[in-house]
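Colleague: Residue numbers (the working numbering), protein chains in the order written: chain D, 2 to 624; chain Z, 55 to 237.
Keep in mind the hints are simulated off the structure, nothing from the lab. Just so it is clear, CB atoms sit at the ideal spot from N, CA and C, and this is done for glycine as well.
Some residues of chain Z that are not near chain D, with every Cβ distance over 12 Å (derived): (1) Met55; (2) Glu58; (3) Gln59; (4) Leu60; (5) Pro176; (6) Asp177; (7) Ile228; (8) Asn235.
Have a look at the derived ranges for each label pair, beta carbon to beta carbon: (9) D:Leu535 / Z:Gly73: 56 to 64 Å; (10) Z:Ala95 / D:Gln422: 34 to 42 Å; (11) Z:Glu223 / D:Lys546: 56 to 64 Å; (12) D:Glu555 / Z:Arg69: 30 to 38 Å; (13) D:Thr406 / Z:Glu223: 56 to 64 Å.
What follows is each chain in one-letter form.
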Amino acid sequence: MGNKKNIDRLFQEGFNSFEVAPDDKVWRNIESMLDEKKESKKNIPIWMRYAGIAALLLLFIGGVGVVLLNGQNTGAIVNTPENEHRILDKEEGNSVKEGTHEVLVYDKGDKSAVIQSNKENLLKDDVVVRVKTETDLLGEENKLNDFKSSTDEGESELFVGNSSVTVNVSSVTVNSENQKLRELLLKNKSDLKGVKSVTNSKLHKSLIVKEDAFVLNKNITEEKEVDQVVENRVVHDDKVNTKRNDNVIVGDSEEVVDKELGFQKRKEKKLLGKIGNEDNKLSVVLGENVVDKNKVLVDNQKYTNSEKQVIVRVDSIGLVSGDDVTLSAKLTDDALKNSEDNKEVIGDVAGKELVENPVEKTIEEAIAELEELKEEEEEEEENVAFDKWKISPRIAPVFYNTLSTGSPIDNELSNNKKKGQLTMSYGLGVGYVINNRLTVRAGINNVELGYDTQDVAIYSSPETSDSGPRLKNINFEPGASSLNLVSSDGFSISQIPSSFSLLFDSSLNQRLGYLEVPLELSYKVSDKKMKIDLIAGVSTFFLNKNEIYTEVDEKLRYIGEANNLNKVSYSTNIGFGFNYKISNAFNFNFEPMFKYQLNAFSKDSGNFRPYILGVYSGFSFKF
Amino acid sequence: MSLEQLIIKCKKNNRKAQGELYGLYATKLFTLCLKYSKNYAESEDNLQDAFLTIFNKIKQYKGNGSFEGWMKRIVINTALQRYRKASVLDVIKDDDLEEELVEVEVSQVSLEFLLEIIQELPDKYRLVFNLYVLDGFSHREIAEMLNISTGTSKSNLSRARKILKGKIEENQFINKKLLENGK
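Excised from the complex, chain Z in its bound form (with noise of 0.2 Å):
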């Protein structure tokens, strides 16, 4: 069946193609919850209301452009809407950091840390920086989206970055540290 035919199964509320839908998205989805989620449960909880939204919107989708970017932004606006009634994106303070480069060494850095400590980041920069750095947006549209300015999108994504780096720089401390006392 293609995409096309699953669609418009899916408009007609047919269950199976729901699911079919369901099975051929929910793994790249899921992944996207994870990274805008402070943890695993949560992450279910996106997912599952952003497949209803999805079901339920899904007639306003009349097939002009990707399909799975539609999901995708239904994706990111659930995750965002969980904060944006928390309101916890209201108290930050605008203070403007410039923007700079922040380098890390590479070395063996698994994804799974990496997601780790993503989750880890207070929800306000961990919104901004997935915004910002894995989805694309600028800082203008981040403050659209979360109701903030662009300065204080700039530098909650600044706090981020140096967040993660430094909890990055500390896991290969300690990796090289158990390397060594491995030796």
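So that you can see chain D by itself, here it is in the shape it has in the complex (with noise of 0.2 Å):
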């Protein structure tokens, strides 16, 4: 009893010779749960899981692409009435009412007409036609009031197949009340972009829309002559008109004609089609309903002896405005192709009578060419009008990893096992554009890396702390200056200096964060409409992260910095660029890099050879 002991010693000697054996069935749960463990110990390779992320942003840019081309098919506007109708003013002349934007073809003779067009609705697989036909306007005595007021008669729909093109034809005064009509025109030439005049046949009329080259060179001349005809607004007699062009064109401005002229080399629209009219002498008007923007449209008619048709060039002003492609249409004069025609049809146009024709190609084909067109027009764009500049913010997940063995920390750990970290870079590039294929890319991303090097061992050895085998890269902070660490591989317990204070299965965290300026060149391999580049360059890497830690059971304990890490350093950079166009000035890009550095670690870096794999992606904005 009296007999007392502390109860430090009473378990401590007591467990001494305290032994149990275990059950027998921890054995076979061991021995089962190895074999499993043989099976299962497959990891899933890297390159599968960037397959899996690729295959993720292809599925979302052709997700995009759907949807964007689907609103292309879908967006357009049909006319209204609001569109459809000018308004012209008793008192103050014609003018026309906001939001139209139509072009003014004068026939000489008798009778004039409006042709409202609306590209959209030409695009559009269902579009009504209508033609609005007035007879009653004739010659000299026609009043702009007359016009107004006739401008609903006469009105028909024709529906071919699923296609349909919305045409007005209206009659216009003519002749001496040309003049004042154009001058009233130009008052608001903000509503009106251009002005037409064109002389007309008597009776019947074929509105052809085709692509011509010699359209194309011509009405760059003329086009010019336009300009004079706006600065001075120079009414063209009808005469004149139908000698040289039939037009007259009234712009916004000098520029805005020059934009035409510009955008008339690249974009050349043409529709071919014909409207025939029946007993109408035309004069006709070619306007477009235009979303944003609206352009001056220059129309040519040509009347051949035997087919008296109008040529009608129609051409697409999206590149100025856009995705909301504007149309213009044009009555293209095709004197030059034939001259002696217009000759005998400036004869005509004094008062022959044209005999009825027949129609040589439908609407339908007509459209079906022109969205043809239009298809190469898009890609001629891209050749010929590049924008030079490009910004381009991206996000990618990096992948951080070495080449080789060896460790940055220490030789300690250089047979350890490293695994990468995958992380997350963002930043904005720019790029130059030098020709079609090459572009000179610049740019600023920040950049999180890091890396874990397994299988560590810590121990604490709280009396010295620089007893132990510290790492010799690692400045420890000092809260952690009691920590060390050594590769549980090379286990030595003659490095331990107290028993039993060791953390088996922890890691060693390192991690760094850069900013990175990547100065690289892409060359562009593949032109579609998904273009695919191959970019090659170097990057400078500013440290802006230096961190150690030390992961146990997931949970990270800092633990100091490496104290070999460059503040300065470089990559050479390799990879592929995906461009995907939504529209001319946004694309969508996806660039898989890889990217090897080469001197991120001053010294003692063990062989460590790391490297960044990247999957960037973004938009680009074209300016």
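Join the two chains, each given in its own frame, into one complex according to the hints.
Modeller: Here it is as structure tokens:
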């Protein structure tokens, strides 16, 4: 009873000789689990993870693409009466109501018509063709008022298959009134982008929109003339019209016309179609409903002896206004082509009655052709007109790893397994387009990198922090001064001062952060809707984060920083770029890049050769 | 077969060698597990997990130092991990009790009883008591291992001792009564 004892000693002595054997089932469990492990110990290869990411992105691209393509087809605006009608005010003369964009084509003869067309309608599957005819207005007697009142008369709708085009044809005063009308139209330049007069045949007229190289060239010269016309507000006499282009163009300004010239070169859209009007002698006013921008329309008319056609060329102005592709329709005078005919026409115009003409092509065909042309044109556009600069915000999952064994932390850990981490990089890129193929790119990215060194044993040596084998490339922070780390690989008890204070399954997590400034050259190898680039270059890395953690049971503990990291380092980069064009100015990019770091560590990097795999994606805007 | 040969074979995943190694050390390590665990079943689980770790990591044992010591560390680590995951250790208040000498009268105390009262201790007390008293870790080491402060380690140890003492004395008192009644 009186024999007292320290309780610690009681337990220590007691358990010295204490042993209990475990149940046999424990071994059986262990055995079965060892068997299982053999089979399940297959890691998912890295490339599969990346393939997964890539697949997701492709799906996304596809989705966006489908939506956008659908949008193009369905987003057309159908003409509303508001758009179709022009209001010509009695007192003030003719004015074009806001929101309507028309080109007037005057007939030297008796009648004139207003054709209002809307490109979007033309492109749409389901477009209504309306032909408004006006037969009452004749010659010099016609008044503007009459014009107004008559616009609704004689409206007819043609449905051609699924496709139809909205064309309003109204008569307009001609001859002496032309001048007035033009002047009035000039007053309303903001609304009226272009005016065109065309001499007209008496009876029947087919309207053809057609591609023609002659026409293209000619139009350019014509438009130059037109400039003058605009400046001087010269009114063309009917005779002049018939002789030369049969047109007058009234533009907003020279600038508009110039733009037109520019865009005409690149973007020529031609619609071939005919509209037969019964018994109309017509002047044609061709107009466009354009969502944001309206363009001057240059219309030329072509008469051939035999066919009596009006050739209408339709231009798209998509370049200027972006997605809301605007359309100008042009009546093109094909005088160059058929000068003799034209002369005859001139004669005709003076009073010859034209014979009704069989329709050569249906509007349906014309629309089909137009669509085809539009596609061609877009491709052309890409070749001819590219914007020099693009800016592209981007984000990327980046994977950091080493090509060889070796540890930048200590030789002790050089044989330990390293596990790269998937982190994020984001930034902004700027590209300068040198030519169709080559682009110089620069930018700035923030990038975080990290990797684990696995199988590290951590123990603390409480007495002296210097006694144990410390990892030489870490500057330990004060709170971690008692920590020692060794590879559980080359484990040696003699290295450890006090027994047992050891954590086995830990790893060392090194985290680096950089500001990356890439300078790269990309070379376009494929130029389809999905462009493919080869990219190569160098990056400069500016260190902005340097941390080392121990990781035990997914708990991180900051222990210090590496002392062998260079503040500035470089990498060589190579990769592919996939660019998906969403619109002229807007691309989706997807760029798997491999970046090999050259001198990230200043010394003792232990043959650690880090690289960065990143899948950069983002949007680029051209300007 | 020498231990070295056994280890080499175990590194090659030789199942027979693994079984032999288990046979050699299971008892010793299971006893260790018993002290660190709440009960018999948990000890078995720990032993199982520890041996799986040993077999997986045996390639990392390069023959420096005691193999038994290496295995013991794994066992203890396995036991500790269970509680780290449960984070029972975080909630301990740090009221820096002074280490005091706790003494009990020595009488008939069975090992089974000692083990029983150790296992009955709350986890946080049991681990600290085992690490400090039975396996010789310093408070500083314990603090590192359990991610607690040294003060907490000390106060937990002190409480563990008091609880154990109380249980031993209670047991002795009962035994005494029984003896007296038995007279």
